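Visitor: One line per chain: the protein sequences are P and G, in this order.
Quick note: the first sequence uses our numbering, first residue 33, plus one each step.
Quick note: the second sequence uses our numbering, first residue 163, plus one each step.
Errors might be hidden in some of the hints.
[Claimed, not checked] Short, incomplete list of chain P residues facing chain G, as computed with Cβ under 7 Å:
{"hint": "1", "residue": "324"}
{"hint": "2", "residue": "331"}
{"hint": "3", "residue": "341"}
No lab work stands behind these hints: they were computed from the structure.
Computed from a predicted model, the values in this text were never measured in an experiment.
Glycine residues also receive a C-beta, built at the ideal position from the N, C-alpha and C atoms.
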Amino acid sequence: MSDTDRGKRTHLAATMVGVSALLLGTTGLADCPAAPSSWGTYHKGSLTMPLHRGGAVPFETFVPALPSNCQGEMVVQLSWDEQANWVNVQLTGQHVLTPHPSIQRTEGVDFFPNPFSPEPQSFDDGRYQFWIISPAQMITFYYDPTTLDLVGSQFDFTTPPAGAIPVPVPGIKFFPTPFFEPDAEGNVSLDWTFAYDHVVRGDLPAFAHIYTTFPPTNLCLANPYRYDQSTTRPYVSSPQPATDALSFSDYLENGLLFDSTVEPPTYYTYPPVLTNTSTYSGATLIGGGIPRNWAVDFDAVFMNNAPPVRPFAAAGTCEDYFSPQHNPNLNFCGQ
Amino acid sequence: MNRTSSLTLLLTLAASTALAACQTSPRGEAIGVTQSAFTAFNGGTYNLHLEDTVRFNVTQPGANVDHGRALFGLAADLETSDPTLALFEGPSVAFGGTVVSNGRTCFTCHRGVQATGLGLPPGPLSATIPLTDPLFAGLEADGQGDPDTMYNLDQFGLVKIRPNRFNLARSESDPFRQGFGWRKSIRLVNVAFAHGFLNDARGRVIFEVDRGAAFAHTQLSDNRFDDLFTVSDGNDMEAFQFSILSDPRLAALRNPSDPMYQVLVDDPFYTVAITTPAQRRGSAVFQASCMTCHNTPNVFNNLSNVEPLGAADATRPPNYPSFAPAVGRNFNVGVAERNRFDLRFSHDNGDGTYSPIVLPLANQDGSTTKVTLTYDPGLGLITSRFEDVGRFKVPQLRGVAKNAPYFHDNSAATLAEVVDYFNSDFYNNSKDGSNFPIHLSQSQRADLLAFLQIL
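Put together the whole structure using the sequences plus the hints.
Guide: Have a look at this one:
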């Protein structure tokens, strides 16, 4: 990022902040939460998004209780300039996270081992990672022709398993910032800049994005026209090599989701993926982002149905929350 | 006809405990303030990826216009019906049985190109369309027993639209599935320049719209039959609809490599034949008072859009854009609240009684506003956001003098009524209109009308 660009960006931000302060002061909104906003194009611009507990929590995700009685919010501000080849992430929040958190889960209650999404059940001295997420291409999953069980995806086999039944499922791509920790007061201030044309992991630049989605576990448990009636589980691929890094435009063009996960103090697998945990999340996929106490309705989004949000099931409470498994208990093979 | 006498929404704040003091100001929302030719500021519930760039949905490689016309139900003369290939029926796994069409095709509500601009004529429709036509004979597909359906269609040209009818993940009693509007059949000339389709722009690509229309208007149930509507057919129908332009010169706007593209971008009135002083003065009034929203050059709908829909060098992603509804910029200019025809928006229980439909809608601060529908909720029914209540798409204006009646509910019979509406307190006090006030003198009004006549 050049000094000139930094200067312009700082000037623009200062101007907008100043104007905003004047407007807010006259309307009594100065104490209101940050509002989502954006400016510019996919080539050069910025985007501000408040993130809330439970805003974009997919199935089988553990959402720990958070400081400030779970009423805090983090704010992410993304700025980018394709020509100057930089993207900057500013993640801030006051009294929002617990330093070095512990994750304690109970198998069969809020933790269900999953070979397609490996993660530790419980750990202490955790660390945080912020993920920028965007819809990706269809991912081909393979099913055993006899049992109809899921055996893996195109990322697990160099050639399709013999006789396997291929099924395409819409995918999502993720990449993380470096790990970060709040200060003793729970305040977060993350500032990370990366190359616009070559998006790689902030913690391990040798790797780029991972793919994830929620495929059916068995074809007898799937209705191809009704995602809501299908039994699905999380799937995550290994990180793609840095040589396959995407441009940030590939993320902007498809809309963005954001999430902050709690990760173990050392990598659980290598190359690493991510845990199914969530602290503060949000999405530009929904017009105006996800309001506090509301959540993405993933069934609706996967089926292109409206409305795309529902009230967050744990709104108004501040205890550990587990987003249930996606298991409607329907068998379409007539067994 | 059973109608409510109330013209106002009944608003109840249901959940604002922790943030009760932090209320949303109707003026506190940023609305599409253009910063330069190619950038825009987005706030509130608008899609944060909107850009004001002259680009439009691309047609798909290999799409066949003639086959699309045949699937549309339009004969080769572009004026008469030919349903031979246009009925989507037969055995369907998704439907769980055999779909039997009621005989309706796209033509049923989008009649000849010259006759109606691929729309419906002004009401009463029975004056020009026989009651035996599938438009009337297939009415139950729209109304599903609602006794107001025939009257509103015949008299006002309005179709009962229940946008979330096919969201089977929600129960039949869910207010979002019950909620509906009475909407006009949009004339499809120049639909190639739309950003978001249908009156509320909830259709992100026209493939979705055509498929949804086949589901909604040709059979009685709420069941889908995706497997009878192929991607290839949808691409062909899209290509046909995008080929119907009011002026062949406008095609250059869809092709940035066309030598005329930049000419049409730079001169918003290049294809408008202004010949009189009144028309010239009217164009100035239009620029000052109308082009904040009607800002697509030479087409005059709203320009804001998201890139995947308009990338000229890319085919549509296989799952098409994943953005939630707002791929364009809608506005609430008060027409819905006016509900000029006093239309009913309560739920028909099927036994002569009606129940209020109460939508729990999200505010940015996390509170919920419960809205009892007494007028068309517009985009709010799709996004579940209170800010989007009453918001509708900005229509294109080419040939507008021939496109009466106007607004999503056909509530203005003439252009003079339209201009007078935008010059009224109703518009100037409306949620989004209040941000862009219009106060025309009598001479400005006359000049603007002279200009609109030649668009």
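Visitor: Take the hints in turn and mark each one as holding or not.
Guide: Results of checking the hints against the structure:
{"no.": "1", "hint": "324", "verdict": "holds, 3 Å"}
{"no.": "2", "hint": "331", "verdict": "holds, 5 Å"}
{"no.": "3", "hint": "341", "verdict": "holds, 5 Å"}
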